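Visitor: In case you want the letters, here they are:
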Amino acid sequence: MKRQLIAAVGVAAMVVGLAACGSDAKKDDTKTGSSTAADGKKDYSGKTLKVWLMSGSAPKGWEDSVKTEFESKYAGSKVEFQVQEWTGIGPKVTAALSEGSVDVLEVGNTQTAGYAATGGLLDITKDKAAIGGADWAANQSESAILDGKQYAAPWYVTNRVVAYNKDLWAKAGLTATPKTLDEFYAALDKLKATPGVADPLYMPGQEWYVYFGLLTTEGGKLAKKDGDKWVGGLSSPEAQKAFETYKTIQGKSVTGAKDKDEAKPQQKDVFGKGDVGSIIGLGWELPDEKAIPKDKIGFFPLPGKTADKPSGVFLGGSNLAIAQASKNSEMAKDFLAVALNDKNEGLVAAAGLIPNKKALNDKVVGDFATAAKDAAVVGGITPTTPNWAAVENEPNPIKEFLTNALTGDYAAAAKKADDEIAKRLNAKQ
Amino acid sequence: MRRSLIGRTWPNVIAVVLFVFFVFPVYWMIVTAFKPDKDIVSKTPVFLPLNATFDHFKTAIDAPKFWTYTANSFIVTILAVLLSLVIATLAAFAIARMKFRGRKGFVLVVMAAQMAPWEVMTIAVYLISRDNEMLNSLVPLTAFYMMMVLPFTIFTLRGFIAAVPKELEESAMVDGCTRTQAFVKVIFPLLAPGLMSTSLFGFITAWNEFPLVLILNKTEGQTLPLWLSSFQTNFGTDWGATMAASTLFALPVLILFVFLQRKAVGGLTDGAVKG
Amino acid sequence: MAVHSERVQTQSPASGKAAVATTETSAHRGGGAGTPKKSARPADGPSFGSRFAPYLLLLPATVATLALLGWPLLKTVLVSFQNLNARQLVQHLTEWNGFENYTEQLSDPEFWSVAGRSVAFTALNVFLIMVGGSLVGLLLNRLGKKMRLLLSIGLLLAWAMPVVAATTVYTWLFETRFGVVNWFLDTLGWHSMATFNWTGSQYSTFFVILLLLVWGSIPFVAFNMYAALTTIPKELYEAARMDGAGAVKIFTSVVFPNLKPFFLATTFLEVIWIFKAFTQIYAIKAGGPDGLTRTLPIHAFLEGTGRQHYGTGSAIAVLTILMLGALMAYYFRIILKQEDEL
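Residue numbers (this note's numbering), protein chains in the order written: chain B, 1 to 429; chain W, 1 to 275; chain V, 1 to 342.
If you're looking for bench data, these hints aren't it; they were derived computationally from the structure. As the structure is a prediction and not an experimental result, all values here were calculated from the model. Some clues are possibly wrong.
[Stated by the list, open to error] Stretches of chain B that chain V covers, calculated by requiring three or more beta carbons in the stretch to come under 8 Å of a beta carbon on chain V: (1) 91–98; (2) 112–118; (3) 391–403; (4) 416–428.
Beta carbons are placed, not taken as given, at the ideal position from N, Cα and C, and that holds for glycine.
My request is simple: use the sequences and hints to build the entire structure.
Guide: Okay, here's the thing in structure tokens:
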């Protein structure tokens with residue numbers, strides 16, 4: 001019996017020991033947190049700024065450039081970049097904002113209003129000028145404005161263009177890139193008849209960003225505010241007209257499944273096989289150099305109905321925001337000023353993304369970026385409203401609407417999606 | 001004679017079919033991991049990795065903080081398993097061999113605890129951890145993982161202890177052993193398979209856990225499932241790297257299984273001989 | 001059930017050690033130093049230590065369970081009565097809203113269809129797993145040494161596959177364009193399957209999930225069954241044989257009763273595991289297409305964490321726990337009855 005007793009006591013002691021470990025960790029945490037009381041105005045020595053970036057987002061060399069510049073400008077300070085994965089990012093960011101465990105974070109432009117409404121983002125309206133906000137591109141900056149207040153700084157946007165396999169297009173006898181949708185369709189038909197082309201255009205049915213662009217062209221909206229209630233906009237005549245175009249384009253795709261999005265399978269892999277004529281995608285959805293050499297891929301904006309204007313695009317992008325709970329908010333503002341200065345935004349432009357200032361647009365280089373820049377003029381973003389992020393949550397009703405409308409009745413699919421969009425947008429905060 | 005021949009052939013045929021059924025996904029994972037991209041997305045599947053490449057493994061290992069994740073995973077998993085074994089053995093012995101008031105209630109709690117849907121309780125766990133400043137630490141993670149496997153471990157060990165014929169223990173006690181000695185000398189050796197199988201279960205559960213670590217440890221103390229999921233970004237799946245990462249992720253578990261399973265079987269026969 | 005278990009109990013002393021069995025009662029009560037036999041109360045042992053020994057042994061487990069499970073559970077219940085969304089979470093606000101989350105769910109037809117689907121899904125899956133697993137277990141027992149090793153390796157690999165990895169592999173196997181399953185079906189002559197989209201419809205998606213779960217769960221049941229078969233003490237077979245029992249009689253009087261507790265426990269675990277299955281269902285199609293493969297845990301996650309309506313999610317979680325409890329009530333009764341026989 002005695003030994004049993006001893007064993008039981010031993011385990012109890014272990015449990016107590018563990019609890020002690022727990023409080024040690026606690027002490028450490030508060031230590032890093034409390035050592036932030038600022039005495040000198042610009043003295044950030046000994047302080048570490050935690051910056052969250054999304055996986056695959058920052059252009060090459062950007063992090064190093066910003067870190068070096070900031071740390072040499074403010075001697076003794078430290079910038080720590082943490083790359084976050086996309087999986088479950090929404091709850092993760094909310095949680096981080098509630099803890100104050102992050103100082104500066106990258107937020108998607110369609111999500112910014114949502115995070116701002118939680119009270120988790122710092123209002124930087126007053127600091128806008130100091131950060132360099134005087135000449136931010138209006139169509140980028142507006143995504144970060146809620147109720148007239150600026151909650152984030154625009155970082156960059158990018159948009160989809162048509163990427164095509166030059167060899168296959170040449171083989172099909174196509175010499176010029178199409179200027180109108182009709183020319184585009186004709187080119188795809190020609191490609192389809194060309195031996196060695198498995199698919200003239202790989203496009204899965206749930207490419208809702210493409211649909212969004214077409215909807216913008218028609219002057220439609222995914223959702224509108226009616227009084228103080230949101231209503232879905234997919235049942236509108238504009239939406240249906242946009243969908244007809246979408247359906248025609250998607251119909252040209254031989255292998256694109258009607259219920260898949262651009263992520264599964266990766267367009268990069270499909271296009272990289274070498275027997276796909278074209279895709280509609282972003283700069284980082286291009287195949288590796290090994291699969292198709294860079295100079296074998298050409299780009300053009302998705303044409304419009306007439307030659308004067310390309311089809312609309314979705315301006316996907318990222319903003320940089322400061323957490324309300326950050327204990328280093330002054331440091332964070334100075335960080336934004338460095339991170340978004342012309343030199344570092346130039347790196348963004350050089351990577352083929354569209355920078356936050358029109359003045360830097362001439363720094364945008366590369367075939368992709370040139371095509372993207374042309375289309376960006378007719379770009380738009382989703383409604384700037386706190387609940388918009390909820391609409392994009394999986395299962396995304398717009399994606400399901402596209403599948404349902406492609407395979408069945410438009411009106412029913414649109415109604416179902418509109419109801420869901422309205423439900424999510426009108427949900428209580 | 002004829003009956004026994006059929007009786008011998010059919011089970012073997014079925015066994016081979018079942019073997020293929022169970023092994024193929026694992027095989028396919030490993031083969032894909034070694035295939036160059038061109039072979040992965042080819043119309044006719046390539047069944048043998050003749051152009052084997054280590055590129056995908058390199059991509060997987062070169063991912064940021066891979067080694068930190070690995071170390072964290074091992075620390076958390078091993079600690080959680082060991083702790084649960086110690087705590088569970090004590091409890092299992094009590095409920096398998098002792099009579100006391102409240103025993104039934106405890107058994108009921110253990111069974112109910114097995115039903116705990118941890119995935120939907122993450123937010124509660126998060127709020128508790130946040131409000132007690134226990135985030136980004138391996139300690140709460142270990143504790144919760146321990147708890148996830150504890151009920152099963154108690155339940156299973158209890159079964160193993162109960163399965164040891166009481167007479168064995170009692171004859172040892174007749175021979176002059178104390179109850180504790182009887183436990184150590186008689187029950188414990190027979191418990192080996194139980195300890196093995198429960199630690200395997202515990203290892204797998206803790207090794208795999210994803211939703212909790214995702215929300216609890218965002219900046220530090222991350223584990224391998226997070227790393228594995230990083231290959232499925234918003235822009236799709238890099239199948240080669242994903243399969244390479246899956247292979248690496250599965251490897252420790254596979255090794256442990258082969259190792260422990262042999263021991264477990266050994267323990268089983270040992271027990272039989274001694275019994 | 002109770003009848004069978006009693007037979008196990010009465011049989012084991014009969015297996016040849018009656019002399020030992022008589023000392024059982026006194027030995028059981030702490031050292032056997034002249035304890036009065038009549039005592040039915042458990043806690044009347046002679047020494048203070050042995051009286052509290054069981055409680056001390058249970059103490060760590062109890063403390064851990066209360067702190068690490070009881071507390072989160074309580075918190076879940078509390079949150080289920082709150083309006084807790086992203087804003088409240090970020091600003092650390094507590095807004096009680098009574099039964100609102102519950103009435104919202106209980107009056108939502110989707111909740112009920114998800115609940116019904118969960119039960120049907122669990123029943124079908126567990127049935128397949130238990131039947132399949134038992135047959136494989138029996139097969140293992142019957143095979144020769146080499147074949148048993150081969151099949152064991154196969155089962156072991158499937159079992160050892162971490163769920164996260166296995167699910168990823170299945171997504172890859174059933175991939176529309178480059179998946180090996182579609183290629184195989186096409187090669188067999190079923191050409192319409194060449195680019196079949198497995199996650200396009202409810203049933204084909206469920207098929208993949210089902211296969212994944214069955215594939216991953218059978219090894220546990222099979223090994224358990226096999227282990228149960230081998231742990232039956234040899235004396236029992238011998239005793240039965242000496243009594244002149246044939247193969248059938250041995251199965252019904254020795255194997256079956258000995259196996260039944262294992263079988264019961266395994267079914268119990270499988271019901272819980274399948275009902276709670278999350279990673280497999282979520283990773284295959286996140287409850288899609290059109291929410292048609294949502295089960296309760298997925299529903300709770302998507303409505304709660306996914307949409308950051310944590311109060312709603314917690315209410316669904318509580319309802320899930322209650323439902324699982326109701327499903328399990330039968331098992332609880334059986335197992336508690338067994339406790340009486342110890």
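Visitor: Go check the segment 391–403 of chain B versus chain V for me, would you? Three or more residues, Cβ under 8 Å, otherwise it fails.
Guide: holds (count 5)
Visitor: So is the segment 416–428 of chain B in contact with chain V by the C-beta rule, three or more residues under 8 Å, or is the coverage claim wrong?
Guide: holds (count 3)
Visitor: Mind taking a look at whether chain V covers the segment 91–98 of chain B? Criterion is 3 or more residues with CB to CB distance under 8 Å.
Guide: holds (count 5)
Visitor: Do three or more residues of the segment 112–118 of chain B come closer than 8 Å to chain V, measuring C-beta to C-beta?
Guide: holds (count 4)
In this structure, every one of the numbered hints holds.
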